[in-house]
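For this one, chain S is given, so just place chain X on it according to the hints.
The lines below spell out each chain.
There are 2 protein chains.
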Amino acid sequence: MPAEIIDGKMISSEIKESLKEKLEDLKRKEIVPGLAAILVGDNPASQVYVNMKVKACDKVGIRSEVDRYPKELPESDLLNRIEELNGKESIHGILVQFPTPAQISEEKVILAVDPKKDVDGFHPFNVGMMLAGKPTFLPCTPLGIQELLMRSGNDPSGKHVVILGRGSLVGRPLASMLFQKSKGANATVTICHTATRNLTNLTLQADILIAAMGKAKFVTAAMVKPGVVVIDVGTNRIEDPSTKSGYRLVGDVDFDSVKEVAKAITPVPGGVGPMTIAMLLSNTVKACKIQSEA
Amino acid sequence: MPAEIIDGKMISSEIKESLKEKLEDLKRKEIVPGLAAILVGDNPASQVYVNMKVKACDKVGIRSEVDRYPKELPESDLLNRIEELNGKESIHGILVQFPTPAQISEEKVILAVDPKKDVDGFHPFNVGMMLAGKPTFLPCTPLGIQELLMRSGNDPSGKHVVILGRGSLVGRPLASMLFQKSKGANATVTICHTATRNLTNLTLQADILIAAMGKAKFVTAAMVKPGVVVIDVGTNRIEDPSTKSGYRLVGDVDFDSVKEVAKAITPVPGGVGPMTIAMLLSNTVKACKIQSEA
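Which chain is which? The protein sequence lines are S and X, in order.
Count along the first sequence from 1, add 3, and you get the number used in our numbering.
Count along the second sequence from 1, add 3, and you get the number used in our numbering.
Accuracy of the hints is not assured; some may be wrong.
Which copy is meant is left open, because identical chains are indistinguishable; a pair holds if it fits in one copy or across any two.
Unchecked claim - The calculated DSBU-like cross-link candidates involving lysine-lysine, where the alpha carbons are at most 30 Å apart (straight line), are:
1) Lys-137 with Lys-218
2) Lys-111 with Lys-186
3) Lys-292 with Lys-111
4) Lys-266 with Lys-218
5) Lys-137 with Lys-74
6) Lys-23 with Lys-228
7) Lys-119 with Lys-91
8) Lys-220 with Lys-184
9) Lys-91 with Lys-12
10) Lys-111 with Lys-184
11) Lys-74 with Lys-58
12) Lys-58 with Lys-184
13) Lys-184 with Lys-228
14) Lys-62 with Lys-228
15) Lys-184 with Lys-266
The hints are simulated quantities; they were obtained by calculation from the structure and are not laboratory data.
Here chain S stands alone, though its shape is the one from the complex (with noise of 0.2 Å):
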């Protein structure tokens, strides 16, 4: 029997209702959430990702505003600019889309976000508390496949997941996150990466396999065990002469095969992808709120 489609888009939209809910309810009180994004240069895939998160905003009600840069822009002009961010009290949360131009560095760019406006949880402050547990801001990626688990009926307490990569955006942090004594978590996590020896035997023992490496269509059928569920973090570009554009995105995961021993299988695109821009808007909310309460 073919696997179970964990679907993405529609669990990203009953996430997206329900902030709309939150959302008005703040506007009674006359409190509109605000999240400022800053996009330095033209990177095509940047200018992408900030007009989907703008546009995402604009459909549950958070308010945004889009600061853009030319790539040449001064580290110090950016900093400065954060700063008067920091301070805004209409601005509740605060993105800079990755990667910057070279000049810029990201670790400063990270370090200066104020941690209470550090919604994609990229600080080492909001990062230290996530690892002992303490209430902080979680990392949109991880905590859209938190989610992905526990809304399609696949809690991970008590599981043996296996994440593929010790990656900064989700290996590290999710590993973090999911071995945590709390709801959604108290899992015991195997974390692999390319220094792994005897992969498969790692990867068959999984409960939930967590694809992360960036690898396409890695994860083959031979490499799991019947009943997995797989979450697919993978976004890779394959040529393909049949499409328009002359490629399509492919995950890390062999999809085609591996759907015929999971239990349950992310697709690419359509799974982990549109839970990423729900949870950045759930941290805005979440920050608006605290910020407004403070």
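This is chain X only, laid out in the frame that chain S set:
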């Protein structure tokens, strides 16, 4: 063949000897690292720990001072004292001995210490830097375990490290350190805890097994594979009428049986314990060097 005993006392002595040399170099530049320890109340174990730390400072040539307060000390007084020490140039490291009495929030104490003087590596900012793999103060016990592994010729790179326990002092930070792509790390890491199913199935796969869950003699020979390297972080008091005190310390590992199967094993006491203090000294010297260059 019984296991090689990894001698934490000897290895920590080597580390302290090399610190002495560094301290003599600093002295020639008229720089003396200073550590401030704060002890609130009269918990006997805490008194022993603080005395051990002060004595160890003396031995290598770190200047130390201890603030001893009655157990009724108001939280605000402690936080004010930490603030003072944050600003004191001759103090490079600050440690507050835990546990503190009930009226004092350990979380607030941790947040009060300037991350630059946080030689325990407890501040969320430093914890976040650790998870990100950035330069920071690493917490003393996990750092000591990493040193034990490297100095006993058991580089974790490419190995499967299974950690028992997800505590904030050992399990969590150690996992975060050992999966990093860096020297002394680069391991596949599995973190197990009370919710883990089929625990023995996982411990049997460990190339390196770290027991840090605080259950006396929990890990038995039947739970490990021949040739495993075992690091025992437990210190549990068990009754022993044959001793003068009526009790003795044992680890989380059943040393006598496991040493017959393992390649190498740390004893309790004399394994991880002495390393923790050596790493505190090492972090204090590091803090001094960073602050003196600034």
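Violated hints, by number in ascending order, as checked against the structure: As far as the earlier hints go, 6, 9, 12, 14 are violated by this structure, in ascending order.
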